[in-house]
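Novice: The chain contents come next:
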Amino acid sequence: MEEILDNYIRFLVSLTPGHFIRLFWFYIFFEFTRYFVIEFIILNLAKLSRYLNRNKYDKAKAEFLFEYPLISILVPGKNEGKHLHKLVNSLKEQTYQNIEIIVVDDGSDDDTPIIGRSLEKAGKIDLFLRNEVRGGKASAANLAYRYAKGKYIVHLDADCSYDRDAIEQIILPFYLDDNIGGVGGNVMVRNYKESLATTLQAIEYYDTISIGRRVTSYLGWYRIISGAFGAFRKDLLDNIKGWDIGPGLDGDITVKIRKLGYKIYFADQAVCLTSAPKNFKILAKQRLRWDKSIIRFRIRKHRDVLSPNKHFKFSSFLSFVENITFSVILNIKWYIYAADMLINYPSSILNIFITNILLYTFTNFLKYILYSLYRNRSHTKMYEFLIYIPCMVFYFGFYLRVVRTIAHFQEFVFKKSYEDPWNPIKTSTHAKEMGL
Amino acid sequence: MEQIENNIEQQNNIITFKGITFYVIEHLDSLNINETINYHAVLINGKDELFIRQIVKRIRSHKNPNIYLKPVFLLKGVNIIDPLINQLIDGTLFSLDQIPFIKKEVEKILTKNEEIQFTRQISFEAQMIVKIITYMYSREMSTLTPIPYYNSDVNYTYPPLSVNFGHTEEYAIFSIFEQAEYDGIFTSEFVDRIYLCSQCSNGRMSYREVCPKCNSSNSKTDDIIHHFPCGYVGPMNDFTNEIDDELDCPKCNKRLRHIGVDYDKPSVIHECLNCSHRFQDYFVKAKCLSCHHDNSVEQLKSKVIRKYKLTQKGIYAAVNGFVTTSKDIEEIVGTVKYDTFKTMLKYEIERLKQTEGSSNICAIHINNPNEIYSVIGSEAQKGMLKDLVRIIRSNIRSADVITFQNSSTIVLSMYEIPKKSATRILAEIIVILERLLKTAFKGVEIQFEINVVQLDYKISHELHLHNLTKDFT
Ligand SMILES: [Zn+2]
Ligand SMILES: [Zn+2]
Ligand SMILES: [Zn+2]
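Residue numbers (our numbering), protein chains in the order written: chain A, 1 to 436; chain B, 1 to 473.
Some hints could be false.
Result set (BS3-like, lysine-lysine): computed pairs, CA atoms no more than 27 Å apart in a straight line [what the hints assert, rightly or not]:
#  : chain 1 : residue 1 : chain 2 : residue 2
1  : A       : K259      : A       : K151
2  : A       : K234      : B       : K254
3  : B       : K353      : B       : K420
4  : A       : K121      : B       : K420
5  : A       : K151      : B       : K213
6  : B       : K251      : A       : K121
7  : A       : K234      : B       : K213
8  : B       : K108      : A       : K92
9  : B       : K251      : B       : K346
10 : B       : K213      : A       : K124
11 : B       : K251      : B       : K220
Listing some non-contacts, in silico: residues in chain A with all C-beta distances to chain B over 12 Å [unchecked claim]:
#  : residue
12 : D6
13 : H19
14 : W25
15 : F30
16 : S195
17 : I240
Derived by calculation from the structure, the hints in this document are not laboratory data. From the three backbone atoms N, C-alpha and C, an ideal C-beta is built for every residue, glycine too.
Turn these sequences into a full structure, and let the hints steer you where they fit.
Specialist: Below, the structure written as structure tokens:
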């Protein structure tokens, strides 16, 4: 132990700036520059623009509340009956009340039909539709959408809960800009205290996802409207006739809206709390599905965005490149970096490893503390999360990276997502045949 | 006098066969049901079901046991499908020649009827219970089975009981059976469940599936189609085209080929043609045919229909023609149970064997309970009995006890005083009672009979009690 420490101090002393760049190029150029410096600058720009446009926000809100449009809230799902009561009650608390709630039960085999029917009877749900045969999440959403009468469609997950003004906040952006076609809500973790896995996810949602989406939204690159909380213009959904089959339908519908020439906006003040997977095993399954769907929808189904044609739009293209860079190319680059170090500096590998961990941890602390100045809402005390920050380097750097690598490998080589039990086989086989 | 065949004689509407007289009913017009009391049995001569039903009902719903227990036969052997009639007649003849064949049956019923003693009942429930069980005893029925019946407002009929009610009052049978079962006259068994109007307790209803929003039953139903390749879901209507019968997907324009392969129908949806509301689950409403109230099915009163078997206690009560339901006298304070009274009497007689002395038992009998009870109703009856007991109590010594032999006969002890004193005290009580009842129940004249018996250690307590009340009407 002492020997390792001695060795490490000698390594640090001998480090020249040129040498530092050569050994930590990945951290310096990708992680620090892109995911801290640039992000931080843009975050400030976003805040500034929000401040300068504050009159516009007030005007939008006035216009929205004057028009007071009907909003259809769609809640598709299977075996979600147990959550319905709480969900309906949390929607009753909303500041905006011109809503209709449509719940679709996608072939549940538990008490969902009984619960749903009784809520419908009690007038707490406007329409409860049940498919006796499961058709998958997209078909459930499509059935709900087919009978929706609202001007805007809000897509919810039954097991989430919502801030009192969440519906108002997620619809507001449509009145800021006629070119906004879809709005994503800000998803946070409700059960952050449940386990280490949920705490780390809470920090991830808090930092990377929430802040990251504010940045990409400002740049016009915002990619995926979360299925847990998203809003769409009904006329645009009519145009593309609803959701295509998943997984990854959330990302897919966003791409389609972008293709129609509309913007996607992130409403950081429209807050929704979700229950995160409570252990690393379940989390791995969830992330495998998400990561695979990125490949499937970005690269296979919507490859036309990469080549100039009638759908071409520069921001879509950038969003695309950015997404692929982040999730695929970045992943490959990291392996290149690892190989570079292993081949060229095999004797210093331990020291490089330690330094990287220290650098990342330092950045994570810095980001966490600095970004907390930009958050509108925090649902826990800052310092409660601080002690977990050192874990984040392992969470991001190893756990999520390994999961992502497996996902990409499976999807590129085997097109595994078509076999995902998340969709019924009858629909997946069709999607595979058509190369979707 | 006309001789039909050997031993069958007919004179006007009376037929006699070997000492058995039959009263023949052919018309409703001149019918005086009370006349049947003078004959052994009744023959109904007619083909019209309505006519037959009316006669049967008038006989079986009569208050007088000599009429409602009368053997009744149908002449001309028409095929009656009305179960109420079928259950309440004792047989069918094809012609008068067949009278000899029913002689035995008539005699059997008459013998049974003779075994039955009749006492007047306090409550309406008790009267009805006596009617059922005496009829069952007379006809050797051990079980009363409900029959589904289109003429019944509660969907089932128990003929010997139901015949006493107009169809709007039939709901009353449930409380009568409940009371009888509670008092151990019957044991019961589940048969079915019925649903009755929440407003008027009628069981005849028109059930409809209606729109949950506006209650209209004017709606149309469409299949929901799910197109697998593109995930589109919508009603069948979305997929139809104007050219041919094929179905085309409105999202991806593909033709639907084969159910289960490229599409399926996961559910159906109804659309209300009155208010355009869409829904999957109808409300079911039940419109009452009697009061027109449109019940939601949750509102309907549910009742269990049971079949009832006579217990030993029930048979005993039938023979005695008397039922004291617990409802009648159970809550009257200041009294002891009749059995307790008997035990105490037994001990008193034992005691008298050893010691000299005079002890008495007395009885106060209400002579016209039916008249009174039909006027004042069953709640007031109980009040009246309570008053009686209170007044008696305050005029006798605390060591003496009071009991009800039945709801119209009060028995009390007056031990260790001379018979003369007992008679005097009793007479005083009666004066007070009459005065009180006259003010409390105007227009009702209560007639009392009283009796005092001095105890004699040489005879049993049973005989004492018999002697005490045997002369009451
Ligand atoms: Zn289609
Ligand atoms: Zn309607
Ligand atoms: Zn009614």
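Novice: Hint by hint, say whether it matches the structure.
Specialist: These are the hints, each one checked on the structure:
1. K259(A) x K151(A): It holds: about 21 Å lies between the C-alpha atoms, which stays within 27 Å.
2. K234(A) x K254(B): Holds. K234(A) to K254(B) sits at ~23 Å (cutoff 27 Å).
3. K353(B) x K420(B): Since the Cα atoms of K353(B) and K420(B) sit roughly 21 Å apart, the hinted pair holds (cutoff 27 Å).
4. K121(A) x K420(B): The given pair, whose Cα atoms are some 78 Å apart, is violated under the 27 Å limit.
5. K151(A) x K213(B): holds (22 Å)
6. K251(B) x K121(A): violated (32 Å)
7. K234(A) x K213(B): holds (25 Å)
8. K108(B) x K92(A): violated (75 Å)
9. K251(B) x K346(B): With a Cα-Cα distance of about 98 Å, the restraint between K251(B) and K346(B) is violated, given a limit of 27 Å.
10. K213(B) x K124(A): holds (13 Å)
11. K251(B) x K220(B): holds (24 Å)
12. D6: The claim stands: D6(A) keeps its Cβ more than 12 Å from every Cβ of chain B (closest is about 63 Å).
13. H19: holds (55 Å)
14. W25: Given that every Cβ of chain B is farther than 12 Å from that of W25(A), nearest at about 45 Å, it holds.
15. F30: Holds, since 37 Å exceeds 12 Å.
16. S195: The claim holds: S195(A) sits with its nearest Cβ about 35 Å from chain B, beyond 12 Å.
17. I240: violated (8 Å)
Hint compliance for this structure: hints 4, 6, 8, 9, 17 are not met, and every other hint is.
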